Amino acid sequence: MNTLVLHFTKCVLFAGLIFGASILAAERDDEERATALADIRAAAAGRDLIAVREKLAAAGKLKGKAEYDVELLRLEELCDYLEKFWQAVERGAKTLDGTQELLIGEERVAFVEFENGTLVLRVKGQNRSYTSKTLPAKIALTLSQQVMKPEAAANKVFFGAFLVLDARGDVDLARKMFSEASAGGVEVKRLLPELDAERPLPPIEIPPLTPALKNQLAEKNWSLRVKGIKGWTRQALDKRAMQNSEGRLAVQVPTEESDTLQLIAKKPIAGDFVARLILTDVKKGQTLGLFAADAQDFGFVVELPAGSFLVEFGRQGGEIKCAVGGKPREVKPLGKAASKMTGVIGLSLPAGSQCTIASIDFAAR
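Here the working numbering is used: the first residue of the sequence shown is 2, the next is one more, and so on.
These aren't lab readings, by the way, just hints derived from the structure by calculation. This one's a predicted model, so the numbers in the text were calculated from it and none came from an experiment. From the three backbone atoms N, C-alpha and C, an ideal C-beta is built for every residue, glycine too. Hints are supplied without guarantee of correctness; some may be wrong.
[Stated by the list, open to error] If you anchor each label on the Cβ, the simulated ranges turn out as follows:
#1 GLN355 - LYS125: 22 to 28 Å
#2 THR256 - GLU116: 47 to 53 Å
#3 GLU78 - ALA324: 31 to 37 Å
#4 SER133 - ALA352: 39 to 45 Å
[Stated by the list, open to error] The calculated lysine to any residue pairs, modelled on SDA-like cross-linking and capped at a C-alpha distance of 20 Å, are:
#5 LYS328 - LEU278
#6 LYS177 - ILE105
#7 LYS85 - ALA58
#8 LYS134 - LYS215
#9 LYS328 - ALA39
#10 LYS267 - LYS284
#11 LYS125 - THR100
#12 LYS85 - THR135
#13 LYS215 - ARG123
#14 LYS284 - MET243
#15 LYS284 - ILE361
#16 LYS322 - LEU278
#17 LYS134 - LYS177
With the hints as extra help, turn the sequences into a complete structure.
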């Protein structure tokens, strides 16, 4: 009887392990799909059409879940409209001549030249140069409408796709464009869910690697900590964080890592401060925070989104604040944290974590 009970117990435990592993695998797959969709939106928002095509191709390899497949199909269609929109912008710029004026909103500007992808306009008595990356959305729309009739219902879908995907776009105006396209007999219902999709963080510009920044990111200035029974203890980086060929600090924690890790800057911080970090290729599930400088498990943390973004984290008058991509982010206390504590800036690193610290600077306030 005891043998049967023992055998049954082992079977239940084994089944539980298999079930748990299946759930974890499904969660990882869902996270990978969510990241793939976010990467497409980020590339589209940043006007990087080559990256858009690459991200779409990568996302296509993850098909197999109905909800994901529908969303990917929508993005594929919108990105096709977007690419054709930017082709129209370039064609529109090429149609202009030196005597032509453009009405941008309610303001008239004079065309100067368009050469090698750079548009020069005379605005309020001054010449201003724009590339496809820096072109204001209103000017992009105006240029596209030099070759695409703005009143045509079919063309409004192209304008709407640009406005809903672009970092400088306008979701409300995109909604209006899609509504007018629908009223004109164009089927756009399948595209409308994108109006309510989470917008990507604004594109970031990674600064050049100065000697001072290279030193800030040097491995000698960072430590790994592992959580044990008696609190946090330091460990060697052991290739889990190392400067890459560009001099940025790349972090990669194996998926089989069993310990909870923190990557911390060695220099402790007291008083008011602001830290500005540019993080790239962040995986979901990581946090950034001000952690206790000693072994104690307390501090203030912020949950990070996936992707690449600027983080501004600081303390002023004893109040901890954070913004990610220019938007305020909730800061949560960890343990018995005191707002005026001396601490260290760092990242939590669960198994499978990855990111690159592309830039960091500290300033006292």
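- Query: Which hints, by number, does the structure contradict?
  - Reply: 1, 8, 10, 13, 17
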